[in-house]
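Read top to bottom, the protein sequences are chains A, B and C. Here my numbering is used: the first sequence runs in plain steps of one and ends on residue 112. Here my numbering is used: the second sequence runs in plain steps of one and ends on residue 91. Here my numbering is used: the third sequence runs in plain steps of one and ends on residue 405.
One or more of the hints may lead you astray.
Unchecked claim - Here are a few chain B residues that sit away from chain A, every Cβ distance over 10 Å (derived from the structure):
{"hint": "1", "residue": "His-5"}
{"hint": "2", "residue": "Cys-12"}
{"hint": "3", "residue": "Pro-76"}
To be verified - Covered stretches of chain C, as calculated for chain B (at least 3 residues, CB under 8 Å):
{"hint": "4", "region": "71-80"}
{"hint": "5", "region": "307-318"}
Claimed, not checked - Label pairs and their computed distance ranges (CB to CB):
{"hint": "6", "chain 1": "B", "residue 1": "Met-86", "chain 2": "C", "residue 2": "Gly-77", "range": "31 to 37 Å"}
{"hint": "7", "chain 1": "A", "residue 1": "Asp-91", "chain 2": "B", "residue 2": "Arg-89", "range": "25 to 31 Å"}
{"hint": "8", "chain 1": "A", "residue 1": "Ser-14", "chain 2": "C", "residue 2": "Arg-235", "range": "52 to 58 Å"}
{"hint": "9", "chain 1": "C", "residue 1": "Arg-202", "chain 2": "A", "residue 2": "Ser-14", "range": "34 to 40 Å"}
{"hint": "10", "chain 1": "C", "residue 1": "Asn-320", "chain 2": "A", "residue 2": "Gln-17", "range": "31 to 37 Å"}
{"hint": "11", "chain 1": "C", "residue 1": "Phe-275", "chain 2": "B", "residue 2": "Arg-37", "range": "32 to 38 Å"}
{"hint": "12", "chain 1": "C", "residue 1": "Gly-94", "chain 2": "B", "residue 2": "Pro-77", "range": "52 to 58 Å"}
I should point out that these hints are in silico values taken from the structure, not numbers from a laboratory. Computed from a predicted structure; not experimentally measured. Heads up, the beta-carbon is just placed ideally off N, CA and C, and yes, glycines get one too.
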Amino acid sequence: MSQRIVQHPVLGSLVQGKPLHFTFNGDSYTAYEGETIAAALLASGVRTLRVHEEKGTPRGIYCNIGHCYECRVHVDGVPTVRACMTVVKDGMQVSAGTVLPTPLKKGGHTS
Amino acid sequence: MDAHQLIVCRCEEVSLAELMETAEAYPCSARELKLRTRAGMGCCGGRTCRVLVDQVIEKVTGQTPSHSVPLGYQPPVRPLSFQLMGGRNK
Amino acid sequence: MIDALIIGAGPAGLSAAIACAKQDLSVVVIDEFYRAGGRLLGQLHQEPDGTWWNGIEEALRLDREARALGVDIRCGVSVYDVSRTPGGWNVSTTAGKMETPLLLIATGASETAVPVPGWTLPGVMSIGAAQVMTNVQRVRVGERGVVIGVNILSVAIARELQLAGIQIDRMILPPASSITGNAGLPEEVMRALLRVAHLAPSPLLRWGSRFMHSHWMQSLAVRLYPSRGFPMWDIPIQLRTAALEIVGKAQVEGVRIAQITPDGQPIFGTEQLIPADFVCIAGGLSPLAELAAIAGCPFAYVPSLGGHVPIHNDQMQTALPGLFVAGNITGVESAKVAMAQGKVAGLSMAHARGALTDLSPLTDAIRDVKAVRQRATIQFHPDIDDGRALVEKLALAP
């Protein structure tokens with residue numbers, strides 16, 4: 002079920018744009034024209050947008066206005082794109098980052 | 002509350018315990034605390050935790066904030082790709 | 008060549024752009040968000056006369072007026088550096104470098120983080136994030152949530168979430184730690200809430216206002232505060248309860264809470280786990296001054312304005328030639344004050360370009376900022392006037 006707020010007592014009913022299709026980690030999702038990646042995914046119940054590059058802990062939206070970079074994703078191959086500031090385009094391919102190796106963390110010695 | 006469980010810098014996952022212990026072991030500036038722990042050096046550039054890092058220093062040193070900004074700012078204030086800086090895809 | 012570049016398309020930046028453009032200056036406004044409006048987007052509250060303040064409509068009105076005057080508004084552009092040139096300022100953006108003789112930094116404020124164990128879990132967000140998601144993006148942030156941090160901003164936004172049909176289970180304090188400051192102390196939180204007693208019809212405030220007369224009475228009120236809290240718009244506000252930890256495996260599943268003593272310490276044996284699918288963290292706002300800092304602006308530390316602010320005079324000029332500031336970067340206040348300040352900055356820039364034949368619009372606009380401040384229904388801090396006076400004094404110092 003979509004989490005969109007269709008009726009609002011003060012703001013009125015939601016004017017939905019035309020539906021667009023995009024993928025997140027290979028799965029298909031629908032967004033409406035003008036929605037951000039973060040909003041469209043949350044509307045479909047997706048909260049985890051990436052994992053911490055070193056610890057692997059799950060992360061989602063935190064500030065929703067581009068300050069914190071917690072929602073950064075890869076969009077059509079470009080990394081560090083803020084899902085909260087990026088409007089969905091039809092056919093967009095979005096993916097979460099993965100845990101990255103940290104070979105130099107202990108001065109370059111492998112454990 | 003267990004200060005080890007309390008993450009202050011979300012980007013680099015630096016805990017309050019790590020910050021307090023470092024600030025106590027090396028009575029230092031906010032800048033040195035940042036460099037020693039990496040708090041504030043992640044993707045957001047410290048926008049989320051800088052006030053908290055300043056507060057750790059205030060707490061440990063007992064200094065009240067002055068008019069100068071404790072933890073300085075350096076450009077770029079947004080993470081940039083090498084491409085934007087003039088690099089080329091090969 | 009443009010006359011003025013404005014960073015930030017919020018209430019201050021757009022009002023400044025309109026004021027400049029009316030004096031025939033060529034103006035560009037840039038903002039990294041995908042639409043103009045800044046913190047206006049999302050604001051929705053009832054004024055004392057019963058009318059609704061709808062920030063989205065205000066943002067649209069300013070955006071349309073600016074564009075009709077020929078202002079070039081570019082959204083989705085981030086600024087990463089500003090540096091001085093012999094004739095003005097060089098601004099580095101994700102859409103290339105821009106040169107301008109006059110630069111206005113109107114980057115607003117950012118939310119102050121209040122760390123809580125477990126706050127990196129998906130489903131935990133700042134209260135401002137929930138506001139924008141609910142009112143602008145029109146997506147429910149969850150079914151049932153807890154707000155951690157009780158202040159004027161969080162109470163107002165909790166009410167907005169509730170209007171959209173989202174259940175706020177309760178509002179509680181963050182866990183007291185060495186860096187939580189006053190936000191974890193029931194007495195301090197209560198004192199701050201009582202200052203806005205006129206805004207909300209609430210038994211909490213009627214009850215609390217009887218204790219306002221002395222410090223001793225206020226301490227008594229905190230000791231007597233009922234553990235179930237007092238409702239404000241049916242949202243229980245529990246000043247004697249704190250979050251100990253946000254729990255969940257892959258995302259938020261609940262919050263472990265406990266009753267706390269008047270000085271914020273958890274009371275043994277009162278712990279419980281309450282279910283929630285989202286959590287909002289509310290720590291208030293601080294001026295977002297990073298670009299003014301790298302530009303080399305001198306700063307003042309003024310707690311009543313939200314922290315470090317770039318020193319500026321009443322014409323919104325900084326100590327650096329051609330560099331202006333307006334809005335929440337100069338101190339946290341309402342959007343109406345930001346708009347009034349933006350108008351001053353715009354007219355100041357027009358004056359700097361020799362476009363003002365008569366200075367009276369500028370002096371009137373400066374007077375108007377003070378009048379708007381006096382009329383403000385929401386005062387973010389009781390000592391704002393003193394803070395403003397201090398900054399102006401520092402601006403006049405040689």
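(Q) To test your reading of the hints: which numbers does this structure violate? (A) 2, 4, 8, 10, 12
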